[in-house]
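Dock chain one against chain two, each of which comes alone in its own frame, and use the hints as you go.
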Amino acid sequence: MSARAAAGIEVRGLRKTFGEAGVTALEAVDLSIAPRQFVSVLGPSGCGKSTLLRCIAGLEVPSGGSVTVNGATVIAPPEGLGMVFQRDALLEWRSVADNLLLPVDFRRGDRKQARARAAELLALTGLQGFENTYPAQLSGGMRQRVALCRALVDDPVLLLMDEPFGALDALTRDQMNIELQRMWLAEHKTVVFVTHSITEAIFLGDRVVVFTPRPGRIAEVIDIDLPRPRRLALRASEKFVSYASHIRSLFEDMGLLKEDA
Amino acid sequence: MKGGFTALAVLASIFAGWEIAVRAFAVKPVILPPPSAIFVALGADFGWYLNHAWYTLIVTLGGFALAVVFGVLLAVLIVESRLLEKTIYALIVGLNSVPKVAVAPLFVIWLGTGAEPKIAIGFLIAVFAIVIDTVLGLKSVPPDILDLAKSLRGGRLATLWRIRFPCALPSLFAGMKVAISLALVGAIVGEFVSSQRGLGYVILSAQGTFDTARVFAAIMVLGVMGMALFWLIALAERLVIPWHVSQKQYIPTA
Chain F
55 MSARAAAGIE VRGLRKTFGE AGVTALEAVD LSIAPRQFVS VLGPSGCGKS TLLRCIAGLE
115 VPSGGSVTVN GATVIAPPEG LGMVFQRDAL LEWRSVADNL LLPVDFRRGD RKQARARAAE
175 LLALTGLQGF ENTYPAQLSG GMRQRVALCR ALVDDPVLLL MDEPFGALDA LTRDQMNIEL
235 QRMWLAEHKT VVFVTHSITE AIFLGDRVVV FTPRPGRIAE VIDIDLPRPR RLALRASEKF
295 VSYASHIRSL FEDMGLLKED A
Chain B
174 MKGGFTALAV LASIFAGWEI AVRAFAVKPV ILPPPSAIFV ALGADFGWYL NHAWYTLIVT
234 LGGFALAVVF GVLLAVLIVE SRLLEKTIYA LIVGLNSVPK VAVAPLFVIW LGTGAEPKIA
294 IGFLIAVFAI VIDTVLGLKS VPPDILDLAK SLRGGRLATL WRIRFPCALP SLFAGMKVAI
354 SLALVGAIVG EFVSSQRGLG YVILSAQGTF DTARVFAAIM VLGVMGMALF WLIALAERLV
414 IPWHVSQKQY IPTA
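Residue numbers (our numbering), protein chains in the order written: chain F, 55 to 315; chain B, 174 to 427.
Only chain B is shown next, with the shape it has when bound in the complex (with noise of 0.2 Å):
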């Protein structure tokens, strides 16, 4: 809660300076606009602001539920299985590198310009992290606990499923607060290239009309928007994994 605060009052003073430098130097509005002028066109389009906002935040779980779904479902046969982990995987890794938002386009052309692509492109951009953070996570198991699970018998199924993925849940948390924040970019990116809706929309088009107060508001709620969906992650991984070390130490956000 203190923690809280104080990042509310850094964020307070950090928009106070602001508005005292572009008033003090005289910045023009197209340029910078002041906060003031950011809140109040904000505040006189509010509803349609959220409208926007809904979309996208719908767009981004969407493409964040694939990801994590299909990517821990990659993560269990890449580790279940020595072929898939010597192909696909390290095809996964080498993919990883290659700059995903170029392929955009191609959603487009393939799926339209509804919400699919969008999604599509935050599902491609998320599923990396998830994909790469349950295997690792998935092979974390001390090698005592894997003998011991021998020891009592333990087919993999059920080794997978109550010693493995346990085991992998404080890496695959991790992996999603990744994720979370690249679904948010992949919608965007899938909204800049084509739509009718979303943030990513709303700054396109009031860049057209050399409306930076506008940019500015659509930016602000999409900061927003991360910081809750990021917080709402740890807050599940406080209720799913509260044996974990990493839940003894402070979260920033609570």
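In isolation and in its complexed conformation, chain F is listed as follows (with noise of 0.2 Å):
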């Protein structure tokens, strides 16, 4: 199915500033993502890992340091890039099927050949016969899976993905948690998952990258060796908890949390 090999990722010594006044949102990240692998990045909101994901992106320009993908520095956004967004950003006057072949579209690809490619996602997410809906007539959750599904349609050797499941109920966001791992083990892209949940984070990833807030630092990488596939239940394991609660004593230290007022 994946044709392509997955892509590896070099951050070295990545600082981003914004502005006049020079409000720095990265400072000295240094990462390396090996291909296949998926990262989750966690942290506060404003901790600057969504710049970070914009950087790999090529969405915004280092101030300082570089992203390479694959050995090729990123200045614009890499070929092959799939993307989800919090807000799914689907185009609503595309039906489902519609949605889904925009990456074909933009690249005047084979909209036929993709089309196979498109009912294979939508029934992977149990989307099938939603194919002519149209995005408003789908629930978050629905509208989620088809983003997902748009940013996999063509083959990408990288997944990139912004707070996916943030906007989700949390019931909504632990089935999506075990349908983005099912399609993982399917096709094993390069992921880096943007989140703020810790379980979330140690759940879907291979590793989790812990960031301070203001400026945006790499506190701590944590490898999470737990079996695939996870289940559910997995999150009440001793194992599960201990990575849990140290990433919670992690922001502790940061004075993030606070048990006494």
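I should point out that these hints are in silico values taken from the structure, not numbers from a laboratory.
Everything numeric in this text was worked out from a predicted model, so none of it was measured.
Hints are supplied without guarantee of correctness; some may be wrong.
[Unchecked claim] In the DMTMM-like style, the derived pairs of lysine to aspartate or glutamate whose C-alpha atoms are separated by at most 20 Å in a straight line are: (1) F:K293 to F:D279; (2) B:K323 to F:E146; (3) B:K312 to F:E146.
Now the structure itself:
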């Protein structure tokens, strides 16, 4: 199914400041992501984790340092990039099937060939039969599934997800975590997954990159040694809980969590 | 359908009340003729009214079509060029507050007394609504979606065509609904200033002979024409953007 090799990412001394005042979003970020790895980027709101993602995507220009994808320095969005945004970014005027074909349309690819792949992905996410439905008629979870399928339809080498399930209710979110894992196990893309949920980060990631806020720096990178496929019940296991409490203690050290007011 | 029926019933009762009031208070026909007299005036020369209405319709559609074509083109240029936005767009917004009807006599000097000056006035009045609404629409693309287009390595032209333009369609239709009525106003103003044809000419010449029933008959034809044009655009809107929220609501004329 996946014809192209997954991408590896190297982030070296990345710094990003915004505006004349020079608000620093990222400072001295070093990170290596191997091909086919699922990396969760975890941190509180406004810690620069989305900025890191946007620098990898070529949507922001670094103020210092560099980002390379497959050895090539990122100055514009690299080829074979799939992105999923917090709000699904579906095009309201396109049906579900046509939304999936947007990446193909943008590179003037063969729609007919892509249709089979689109149908396959829709079946994988339980959306078969919704091909001709407009996004306005779908629930939040279904919309985000469509966005995920769209990111995968053109066989990307790299999947970047910016808090994709942040706007969903807790139950739907759990369901989406399971489905994302299933799809990742089937396709094994390189994934950078930005989230502010500790549970989600551990459940999905091979590694969890924990960020400190203002300026965003990497506090710690934690390897998650849990067998796949992971089930929701795993979240109650001793190992999972110890990962979670370790990360929580990191946030406490940053002064982000205070139990005594 | 039900809403249309109610609207007709309301219209009928207004005419009935008008008829009764005019008769009860014995209002002079030259001041306010009863609806029955207006319908008689209309029926007596129906073909003649239609002939003039046709001329006004062509002029209106001409002005409207020009306004849509140039308005959309201008809006695209304004959105794509920061320089044009700072110069032309500011100028257009400023010019919009000038009463455009005032320049109608100028067009007669420049373009003569045929259909051209009337089309030009219709265009001038209608084009502002198109430009302003289309610019608004082209700029209303959510930032996420622009990022998505960039991440797919979409060029400016592809992004314009596949993202910005579809996104602007609801605004464009809103602008077109306003513009079609304005183009009609422009056509009538043009005919007032100088014409031998059209409903504006009918109104002006009937006024000259104090034939109030005829003035009202022409106004009635204009009213029906304006509503029909508006309804046609609403219909086109439903066909072109069935996905838009506005289309899930009740459309008053359908």
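Hints, one by one, checked against the model:
1. F:K293 to F:D279: Given pair F:K293, F:D279 holds - Cα atoms ~9 Å apart, limit 20 Å.
2. B:K323 to F:E146: holds, 18 Å
3. B:K312 to F:E146: holds, 16 Å
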